[in-house]
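Chain by chain, the residues:
Number of protein chains: 2
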Amino acid sequence: QDSEMRAAAKARLDQLALPHWALGDLMDLAIELAGMTRSMSPSFKRKAVVTMAGDHGVVAEGVSKFPQEVTPQMVANFVNGGAGINALARQVGAEVLVVDMGVNSDLSALSAAGKIIDKKVGPGTNNIARGPAMSIAAARRAVEAGIEVAQSLREYDLLGTGDMGIGNTTPSSAIAAVLTGRPVEEVTGRGTGLNDEQYRRKINVLEQILQVNRPDPSNGLEVLAAIGGFEIGGIAGLIIGAAAQRQPVLVDGLISTAGALIAYRIEPFVRDYIICAHRSVEPGHKYMQEMLGWPRPLLDLNLRLGEGTGAALAMNIVEAARAVLVDIATFAEAAVAQADK
Amino acid sequence: QDSEMRAAAKARLDQLALPHWALGDLMDLAIELAGMTRSMSPSFKRKAVVTMAGDHGVVAEGVSKFPQEVTPQMVANFVNGGAGINALARQVGAEVLVVDMGVNSDLSALSAAGKIIDKKVGPGTNNIARGPAMSIAAARRAVEAGIEVAQSLREYDLLGTGDMGIGNTTPSSAIAAVLTGRPVEEVTGRGTGLNDEQYRRKINVLEQILQVNRPDPSNGLEVLAAIGGFEIGGIAGLIIGAAAQRQPVLVDGLISTAGALIAYRIEPFVRDYIICAHRSVEPGHKYMQEMLGWPRPLLDLNLRLGEGTGAALAMNIVEAARAVLVDIATFAEAAVAQADK
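Residue numbers (this note's numbering), protein chains in the order written: chain A, 1 to 341; chain B, 1 to 341.
Treat the hints with caution; some may be incorrect.
Listed next, the stretches of chain B that the computed footprint assigns to chain A, with coverage defined by at least 3 CB atoms under 8 Å from CB atoms of chain A [what the hints assert, rightly or not]:
| no. | stretch |
| --- | --- |
| 1 | 9-22 |
| 2 | 69-75 |
| 3 | 83-94 |
| 4 | 270-278 |
| 5 | 296-305 |
| 6 | 313-321 |
Distance condition first, Cα-Cα at most 27 Å in a straight line; then the derived DSSO-like pairs of lysine-lysine [as the list claims (entries may be wrong)]:
| no. | chain 1 | residue 1 | chain 2 | residue 2 |
| --- | --- | --- | --- | --- |
| 7 | B | K65 | B | K286 |
| 8 | A | K286 | A | K65 |
| 9 | A | K45 | A | K10 |
| 10 | A | K65 | A | K10 |
| 11 | A | K286 | B | K286 |
| 12 | B | K65 | A | K10 |
| 13 | B | K10 | B | K65 |
| 14 | B | K45 | A | K45 |
| 15 | B | K10 | B | K115 |
| 16 | A | K65 | B | K10 |
Derived from the structure by calculation, the hints contain no laboratory data.
Just so you know, even glycine gets a beta-carbon here, dropped at the ideal spot from N, CA and C.
Only chain A is shown next, with the shape it has when bound in the complex (with noise of 0.2 Å):
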């Protein structure tokens, strides 16, 4: 981030025509989309979600209600613009991009037509209950994908990262307890539904996961490897590429949080531009997004879809906190008289 323009920024608000500071998170935020696009007056005109599919070999063991056929029913949803993305997106004016890394169903017809991205890494992650979810190559391709996914984006003002995945909240739950290094039971949560027998197994499956995968918690690639997935890594290298150049990115739920984990492990500065969307119903959650800076992201709204729909539904947020810094005047512009006392 560019220190000047967060100073610049603080300045002016520091100056608004109303109680110091008195619209809190908004004002924080304004400072920090300031610091990201070097710009007293930025834009987020162009806005788009992007949300990453891929398909989990762990669902053998039973971790999810859905069969594993929803990933790219849901993908035909989305192209056909029917999902809760689709509709939190329209709303405040974003696309909605998909990219196919790795469901395991073929998907080139739809992005023949153009409909979806085609970044498939591989038809789906190994089982990771059994041994690690894909190669160190495999896992390097997936992130190197969605940089390029990244760079096809420079013309964007605004990024949110999204994902579609029977089964993700498995890799996703391992990887916030590998990267946080805090217990099974503190960081898993009933993903789609679980009732209690189903959740008891999968704290078991995730147990094993780890027993079997002991990657190193400080290389964020062998983490993506031996328990993620290729829409994660997908996830962390939009995050990488969204950085480099500089764009903030909305980072939605447990999964994209996972991604974001991964990224921030592989290359430190992107916490720069990250902003965390909203705090899901899965307990790791709050964990994660502790590692990144936000204790409190900004909405609690008891979601626990994914697909982007948190980082959609933030982004009228994020266009508040910019009418904020760019809409509001200050006390010499509105000639009201400061506080006296």
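We have chain A; now place chain B onto it with these hints.
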């Protein structure tokens, strides 16, 4: 609210192609909106924030950092479009309507020019540390004026409340103490930014206010007359009028919520049309919102400005909840497999 429309909304939301209720609070809000508007496809195109302004005799006790002249200066700032509420209302496509409920300044030129709505009940309230704020007749006039403003806004789809009045956190905290039954220290904050000594003085003034005035907590009009403000009465009336017209009304921060509690005491049915926009930094706000059935307001962004800024910001969330209701496909519509376990 219309219970059949609520049930219809819930039935549709239950079938959306996403894990059950995965859009959390947005889905709860969508049910409220369907019930309030009696529609499965509500529209919120015409939006307005009504900012009610009034002055307070209690500023003579030194309860605010800002001089009373700031109230008319901020009214001028609203009219000129330079205030926080103007910026945030513009961002969400809402109009700002300013009402003079009782500013201690001659604003007739602005009302004659059609820039503000003149409903002035008097030139500020009496000092409530020494006696009642106003007569019962004046309290009734203030509430009726708010109802008249609502009646003039019948064509709007969504209203927000707002306030301006130097010193008005003091009557609002007094109302919070009387109506929630909690001690003054639990419901009193630092308003526009008091230091420790100023804060202790405010607590002492509030203790004195509650000793001098002992209104019957079950009588909303009596509470308003004893310890309220003209703009607080206007906000109460606006909410009563909006609810009578079945219009959803976003209630802003501490002062607006004091108005909402007065409205609720006068006409309990208003709760059906109230949406609590955000959680203020002021500590009493939580207890007041709980009384209104909103233990978790939509936003929590450390705002403490008033003016209607939180209400304007939350209009984005209302629009998003509308999008969830009308713009997401069901499992059947999207041909997506449901949870199978």
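Evaluation of the provided hints:
Here the stretch 9-22 of chain B counts 6 residues with a CB under 8 Å from a CB of chain A, which clears the bar of 3, and the coverage holds. Taking a C-beta to C-beta cut-off of 8 Å, the stretch 69-75 of chain B contributes 4 residues in contact with chain A, enough for the three needed, and the coverage statement holds. Figure legend: the stretch 83-94 of chain B, annotated as covered by chain A; annotation consistent (8 residues with Cβ-Cβ distances under 8 Å, at least 3 required). Figure legend: the stretch 270-278 of chain B, annotated as covered by chain A; annotation inconsistent (0 residues with Cβ-Cβ distances under 8 Å, at least 3 required).
A count of 8 residues in the stretch 296-305 of chain B with a Cβ less than 8 Å from any Cβ of chain A is obtained; the coverage claim is therefore met, three being the minimum. Only residues whose beta carbon comes within less than 8 Å of a beta carbon in chain A count, and the stretch 313-321 of chain B has 5; three or more means the coverage holds. Distance hint between B/K65 and B/K286 is fulfilled; the C-alpha atoms sit about 24 Å from each other, no more than 27 Å. For a cut-off of 27 Å, the pair hint linking A/K286 to A/K65 stands: about 24 Å separates their Cα positions.
At roughly 23 Å between alpha-carbon atoms, A/K45 and A/K10 fall within 27 Å of each other, so this suggested pair holds. At roughly 48 Å between alpha-carbon atoms, A/K65 and A/K10 are farther apart than 27 Å, so this suggested pair is violated. Restraint check for A/K286 and B/K286: the C-alpha separation of about 23 Å stays at or below 27 Å, so the hint holds. As the CA atoms of B/K65 and A/K10 are separated by approximately 22 Å, the hinted pair is consistent with the 27 Å bound.
About 48 Å separates the Cα atoms of B/K10 and B/K65, which puts this hinted pair outside 27 Å; it is violated. A C-alpha spacing of about 21 Å is found between B/K45 and A/K45, which places the hinted pair at or below 27 Å, so the restraint holds. Pair hint B/K10 plus B/K115 does not hold up; C-alpha atoms about 42 Å apart against a cutoff of 27 Å. Taken as a hint, the A/K65 and B/K10 pair is honoured in the structure, with Cα atoms around 22 Å apart against an allowance of 27 Å.
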